[in-house]
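Student: Sequence:
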Amino acid sequence: MKKQAFNPYLPSYEYVPDGEPHVFGDRLYIYGSHDKFNGKRFCENDYVAWSTPVDNLADWRYEGVIYKKTQDIDNANGDKVMYAPDVARGVDGKYYLYYGLENDNKIGVAVCDSPAGEYHFLGCVQDKNGEYWGRRPQDFMPFDPGILVDNGRVYLYAGQGPMMEKMAKSEYKRHFRDSSYFVELETDMLTMKQEPVRLLPNIMDSAGTGFENHEFFEANSIRKFDDKYYFIYSSVQSHELCWAVSDRPDGDFTYGGVLTSNGDVGPLGFTSTKSYAKPLGYEVKNYIGNNHGSVEKIKDRYYVFGHRHTARNMFSRQGYAEEIKFKNGKFEYAELTSCGLNDGPLMGVGEYEARIACHLYSKKGPTWSAHKLVQNKEHPAFMQDGLDREDNPNQYIQNMKDGAVAGFRYFDFENYEPDSISVKIRGKANGYFYIYDDADKKNILGKIAIVVNDKKNFCCVKDSLTVPKKNSALYFEYKGKGYLDFYSFELK
Numbered sequence: 085m086k087k088q089a090f091n092p093y094l095p096s097y098e099y100v101p102d103g104e105p106h107v108f109g110d111r112l113y114i115y116g117s118h119d120k121f122n123g124k125r126f127c128e129n130d131y132v133a134w135s136t137p138v139d140n141l142a143d144w145r146y147e148g149v150i151y152k153k154t155q156d157i158d159n160a161n162g163d164k165v166m167y168a169p170d171v172a173r174g175v176d177g178k179y180y181l182y183y184g185l186e187n188d189n190k191i192g193v194a195v196c197d198s199p200a201g202e203y204h205f206l207g208c209v210q211d212k213n214g215e216y217w218g219r220r221p222q223d224f225m226p227f228d229p230g231i232l233v234d235n236g237r238v239y240l241y242a243g244q245g246p247m248m249e250k251m252a253k254s255e256y257k258r259h260f261r262d263s264s265y266f267v268e269l270e271t272d273m274l275t276m277k278q279e280p281v282r283l284l285p286n287i288m289d290s291a292g293t294g295f296e297n298h299e300f301f302e303a304n305s306i307r308k309f310d311d312k313y314y315f316i317y318s319s320v321q322s323h324e325l326c327w328a329v330s331d332r333p334d335g336d337f338t339y340g341g342v343l344t345s346n347g348d349v350g351p352l353g354f355t356s357t358k359s360y361a362k363p364l365g366y367e368v369k370n371y372i373g374n375n376h377g378s379v380e381k382i383k384d385r386y387y388v389f390g391h392r393h394t395a396r397n398m399f400s401r402q403g404y405a406e407e408i409k410f411k412n413g414k415f416e417y418a419e420l421t422s423c424g425l426n427d428g429p430l431m432g433v434g435e436y437e438a439r440i441a442c443h444l445y446s447k448k449g450p451t452w453s454a455h456k457l458v459q460n461k462e463h464p465a466f467m468q469d470g471l472d473r474e475d476n477p478n479q480y481i482q483n484m485k486d487g488a489v490a491g492f493r494y495f496d497f498e499n500y501e502p503d504s505i506s507v508k509i510r511g512k513a514n515g516y517f518y519i520y521d522d523a524d525k526k527n528i529l530g531k532i533a534i535v536v537n538d539k540k541n542f543c544c545v546k547d548s549l550t551v552p553k554k555n556s557a558l559y560f561e562y563k564g565k566g567y568l569d570f571y572s573f574e575l576k
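The opening position of the sequence shown corresponds to residue 85 in my numbering, with each subsequent residue numbered one higher.
Among these hints, one or two may not hold up.
In silico lysine-lysine, DSBU-like type, Cα no more than 30 Å apart, as pairs [unchecked claim]:
{"id": "1", "residue 1": "K512", "residue 2": "K526"}
{"id": "2", "residue 1": "K448", "residue 2": "K539"}
{"id": "3", "residue 1": "K178", "residue 2": "K257"}
{"id": "4", "residue 1": "K540", "residue 2": "K447"}
{"id": "5", "residue 1": "K87", "residue 2": "K120"}
{"id": "6", "residue 1": "K87", "residue 2": "K381"}
{"id": "7", "residue 1": "K447", "residue 2": "K512"}
{"id": "8", "residue 1": "K383", "residue 2": "K409"}
{"id": "9", "residue 1": "K308", "residue 2": "K178"}
{"id": "10", "residue 1": "K277", "residue 2": "K250"}
Treat the hints as calculated values from the structure; they're not laboratory data. From a predicted model like this one, the values you see are computed outputs, not experimental measurements.
Could you put together the complete structure from these sequences and hints?
Tutor: This is how it looks when you write it as C-alpha cells:
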C-alpha cells in the first residue's frame, strides 16, 4: 500500500518553517529555517534539509544538517540565529544557499556540490568595491533573500516592509524597513552588477496600486512560470502568502491575489487585528501568525508551501503544503487540508494522528500565536511531550475544552465505508465528542461518550459512525466538562 501524505508533511518532531521548495533532478527538496520545539525565539537550530521523490510526495528523507550557524564568518560563537534561506543551482552547476543572520545587515552565501550536502561559507553579497549589501549607509536591511538563476543570469530579492503606518516613517528614516529590493548578481553569485532597485509599494505608498491591504511585509520568493516572473511574499496581514506577476524580473509587478493563509481566512483577508489577545472569530480557522513559503511546479502540478504555528507561540512552526490551481497565468486560493501532497483525499479507513488537523480553535474561536499569554490555556494547541529532538514523534492536540473543534479534510468515503470510530485521548473530562462532516456542524455523523481521568496515559474510546457516500471532512467538537488531549482517531 502506498504511503499517504499529510499536513504537516514532515514528521511531527520536525520544525522547519519558511520552506522554499525546489525540484533538483528527480527529487523535491525543502530548505527552510529551523525552529526549536517550544523555542524562545525564531530559528534557533541549524539548517537541515529534507527531500522526497517527485513521484511520491509522501516518502520524505532526512538529509541531515546542511549548514551550521557557526560556519558564518561573523558568528563563530553561534550567538546569532540564521533566518529564512533560499537555494539555487548556479551557472557552474553548484548549489548556492543565501541566508540572513540575526542582527547583522548582510546576506551570507554558502556553496555545495550537491543539493543537500555539507554547505561551506563562500562570502557575502557585496558591491564591486567589496562592501556588503546592507552595511552601506544607503542600504535598507536585506532580509529574507530569494534567489533565481534564469538563463545564465542571477537575480536576488531581499528586504522587509513596514507592517504598521505609525512605525513606517521612523523605520524608513533609520534605513531599516522599506520594501523588497531587486539586484542582479554576477555569475560568481556574490557580486552585485548594479545597485538595488525597489520592487513593490509598501503601506505608505500603495494607494491605487492594487496592493492595498496586501502590501509587502517579508518572505521574498521568486519563481518563473510560462515566461512570467511570479513574486511570492508575506503581506502586512502576516498570516497569508500573496503573489504578484510581471513580464520582467526587476519591476512592473502587479498584485495577483492570496495563495494561502495559515488561518484559512480566504482570498480577501481581514482587517480585525487591533487586539492580539482578542479571539478573531470563526472566519479564521486556526491559530495564526507569520507565514513564509513559495510555489513549486512538481511534474505537471503546482503546490504552495507555507507554515503553521504550534506550542502556543510563534517559534515552533511546521511546514504545510497544498496543491494550488494555476489557470491562464493566475493562481487560485488554496484552502487548508490534512492531505495536501497526497494526490487526493485520505483513505476512509485507518488510524490518523490528531496533529494533522487543518482547523483548530476554541469555543470563542482562534487567536494569534504571538505569545503564551495570548493563546492561553482556554485554547487548544498542537503540542508534544518531551524536549526538542530529531526522533520519537508524539505530537497531539492538547487541552480541548468545551466547544473546542478540530477539523480534518478530506477523506475518501466513496470507496471506503467505515461504520465505527475510536479516539485515543487522555485528560480529565466528562462529556461527548460530536463528529460532523463540515465546520458548520449541521450533520452529526457520530457521538462518543467521554469519561477519562488520566493525565499521563492515552486510552481508546469507541462508538458507531455513519459517513456520507462522498469525499468528506471530519470535524470533532468536544462538549462537556474538563479538558482532554487528543492523540489520534481510527476509522473501521
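Student: Run through the hints listed earlier and report the numbers of any the structure violates, in increasing order.
Tutor: 3, 10
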